[in-house]
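Colleague: Produce the entire structure from the sequences given, and follow the hints as far as they go.
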Amino acid sequence: MRAFRWLSLILVLSVMAQVGRGQAALPTLLPCGTASPTAAHLQELRQRVLPFEQQRQGARPSAVITYVPIKIHVIRRSDGTGGLDEMQIYKGLAATNEQFVLANMQFYVAGQLNYINNTAYYDFDSQNEPALSQVHDVPGVLNIYFVKTATLRGGAVGGYASSQGRMFIIYSHANLDRTFSHELGHNFGLIHTFDASNSPNIAERELVARTNCATTGDWVCDTPADPSERPGASYYECEYTGTITDAQGNSYSPPVRNAMAFNFCGNQFTPGQLARMDSWRQLNWNNLAWSGSQAAAPSALGISVVSVGAAQFQQVRLQWQDNATDELGYFIERATPGNEFAAVGVVGANQTTFVDAGAPARQPLFYRVKPINAVAGFSNITSIFSGLSYALPLYVNKDCTPGSTYYQDADYLEEVRLSQGSTPLITSLNIPCGPYNAFASSIVPLTAGTSYTVSCKAKIQNNAYYNQQYVGIWIDFNRDGVFDDGSERVVRMLSATPAATLPVTQTFLLTIPAGVSNGVTRMRIRSLRRDADGNVWDAAARAWGGAVEDYAVQIQGGVSATAGAAAPAALQVYPNPASRRLRVELANGKTWQHVVARNLQGQVMEQWLPAKQAPEGLDVEKLPAGVYVLEVHTPQGMAYRRFVKQ
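In this note's numbering, the protein residues as written are 91 to 736.
Calculated directly from the structure, the hints in this document are not laboratory data.
Beta-carbon label-pair distances, calculated as ranges:
1. V572 with P593: 26 to 32 angstroms
2. V717 with V610: 29 to 35 angstroms
3. L519 with A586: 24 to 30 angstroms
4. I550 with G230: 46 to 52 angstroms
5. T209 with A554: 33 to 39 angstroms
6. P714 with T443: 30 to 36 angstroms
The C-beta atom is built at its ideal place from N, Cα and C for all residues, glycine as well.
Modeller: See the structure below:
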């Protein structure tokens, strides 16, 4: 195994004490301590990685997923006390897998967790790393140590990545996929986006035009130039506010939501970063493997769609048979046509059900389940055509403890009210403290062209503190399962000034545009914790803290809804089953542009253009016998049908 030593990464998120009523418990974001990459790292980039990527012409090489083993070490006190909830580790790992599938990687736990009962390491100092790792490191895998606190070169840190594929993470970051993503990014060759931005040699600073992007900065050309090490490169609430310019006089627009950026505001990777990690793994970590015991695969995976409440919120429900006695839990993996399987959820040991409350809408979905501690061990694959559903935002925070005074248990909303004049339409009081609530028991009438008053109250802890939160509100007017149309955001808060305090209860004016179509749809109210995430920028993107409250609303007084897209019901395929020829017909004289046949693993088995449809239908004779999903592309959208090849 080739490995290169570089300086340790500090990834810090410490919590300051609460100092007054209404004062958020501020996570202080300290700079990452990794120095510029070593000469060996840069030599590896120049001599092997960049030529390797040029041979691949910068594209993703293949859709072959490599499963990478990770050994988890949890350090407790000598008497066995301390430690952390294992599920927080698994949730963080599952969220990381969702990111790294685009780098052709998925991570699994090698064997059982290794508990180290030693008070000397519980509050960890990096000076003890050699002694600890010499005894406990497992060869051939990545080693991650979870500690109560960590100190590096005299400073408190939230975690760091050392050489030889070793990482240290403090307990409070166990479920923080930003930490996982950032540090694993370093392990797989990524450099900070702001590297060399304050180099005394101005020629070494990356230009905004990116003409020198291949040899400075992070050496990745699709990440914008980032000046974060320079004086004057200022940030406020995850937004860049600096005014400095580069050597050519151009203003910066750094990638504030990038996983490798300065401000720890996101976990996004660019295609270039994903390709770099894939290249680094192939060249330097291509022989990671775990030969120890692995949990047995589950079986009999079944699937159904369940509807919740009068609003008929749809969820995908999975159930399987547990065949293992030593599993740590299960990753639930989902794929859509043309995309690889990736973890979308996790459950603990001995659990045999999972509800995917945020499945993508109106398309074929493929699911499988595997043990957390197995390289493969996949269940059978099952599939279903989803109805109207909505992406479920993921937060680092979790369901809170009633009566708690812990700062992170104040990340939520506890009241939502909506009224027209003096008439209340929504009165949600004492909302369960957690990152997601769906109010499906009733449908709220809203009239096109009418304004309403909305108020949202942040959760107040028993000690009278609350975390300041920004709020955004969307309504899915076109009923496509995503809040992406520009007019669907009906409440947008302006960012507050640094001196201003967001009140515990905030009131907004919500106006339903005239001319929207009538019918039942969904309204989403999303909050983000001001000090950790800044203002609300997306209806579903992953974030540190906040809450989502989903409501069903009935739009009235607008226009009658019309069927604009090629709906699945308008598609006919026959004969079904088919042995030689298959006819594809759309209603109302609509034409198709492209047809794809996928197996139940989501792989493309055959595809046709209109010229290939003879009068007697598509030629399916060469397809192996089995069940397929037909994906029909039309000018109005896509439609799907299952068919059986005999």
